[in-house]
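Visitor: Sequence:
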Amino acid sequence: MTPQFGTPKATAAAAYAEAGVDLERGYEVVRRIKDDVAATRRPGVMAGIGGFGGLFDLSSLKYREPVLVSGTDGVGTKLFLAFQTGIHTTVGIDAVAMCVNDVIVQGAEPLFFLDYIAIPKADPQIVSSIVHGIAGACSESGCALIGGETAEMNDLYEPGSYDIAGFCVAAAEKSELITGSDLRAGDVLLGLASSGPHSNGYSLLRKVFFEDHSYTIDSKLNDLDRPLGVELLEPTRLYVQPILALLDSGIRTHGMANITGGGFYENIPRMNHAYGYSIELGSWPRMPIFDVIARESNLGTEELHNVFNMGIGFVLALDPADVDGAQQSLASQGVDSYVIGRVTEGSGVTLTNASQPAASPHTTEKTTDATDSTGSTR
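Numbering (this note's numbering), first residue to last: 838 to 1215.
Treat the hints with caution; some may be incorrect.
[Claimed, not checked] No more than 27 Å apart at the CA atoms, straight line, and that leaves these computed lysine-lysine pairs for DSSO-like:
| hint | residue 1 | residue 2 |
| --- | --- | --- |
| 1 | Lys-899 | Lys-1011 |
| 2 | Lys-958 | Lys-871 |
| 3 | Lys-1044 | Lys-1057 |
Please keep in mind that the hints were generated in silico from the structure rather than gathered at the bench.
Kindly generate the complete structure, drawing on both the sequences and the hints.
Guide: Okay, structure coming up:
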């Protein structure tokens, strides 16, 4: 009898598919994302996707004493809005932004990124849409997408759901690392405009809008031009290229902060906990989405600034003499910036208003890596 070569393999694949993992779906995902991944290629990349590990040649770059800076994060409960709207590309951008915006704080250039997508069934259209967003954000940030994993786990995840995590590696010249050690009282705090809530506070936003007020993703609220679901899915702004251009211009920042979960109160002091930070309310225009959040949530000023970025997604500490040059550089990169306060003696963040006395400083010591809370790295 002639052996039926290939039959056991086909039988195993069929049994695996019956258990919930379809190998052919996985192969189709790889075929769909191949061009997107290839478009992110940059100097240092040694191989395409398909290997067991992504390869990157650090020696091919300009660094004499390279220091690697890494970051990892996810998108958090903002993903529920992607499930509800069927819009999956923007959360891929969020996955990259939450990592690269952290590593650029220390003046490090993102080199490469890896993604992890956990999904009950690897729908090729959904996964390729997510990766399309990831690849586009990688390209905009100048880093290569050199690897990733799509894991089918139908017993662990509900149908119609998935989770995303990202991991980024960046590099900086050792002598040029930004550590906050140059910070001084009197430095100016320059705030860079955000694109919205970014990827933080979404457990609270979903409770306020969809539970407390019973709005839907299609609700049209006063002051918002787009349906609520689309407005809340606005992706996190990528700050890498504007910051790299600023640093290349010769302006030395004394400290930087990515305003993620924990808002102003937790993130700005991470520049250097030995100083205080006075923030002047009203020194930047507040985006309509934050007016709506304030109105619908009834949260106070301190509470809002303790959770959300309130329209300021990134903060620089600069010598006063460098502010004009920094704003010109950022404007040339399409980023609006505002003088929002000063570095002071003391500790914590103080919110001030031109018509009101300064509030007591607010300090916090909590740290966590949850995207919906503080965004700190373990």
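Visitor: Does Lys-871 lie within 27 Å of Lys-958 when you go C-alpha to C-alpha?
Guide: 20 Å, holds
Visitor: For the pair supplied as a hint, Lys-1044 and Lys-1057, is the alpha-carbon distance within the 27 Å limit?
Guide: With a Cα-Cα distance of about 17 Å, the restraint between Lys-1044 and Lys-1057 holds, given a limit of 27 Å.
Visitor: Check the hint pairing Lys-899 with Lys-1011 against an upper bound of 27 Å on the C-alpha distance.
Guide: 12 Å, holds
Every hint from the earlier list agrees with this structure, and none is contradicted.
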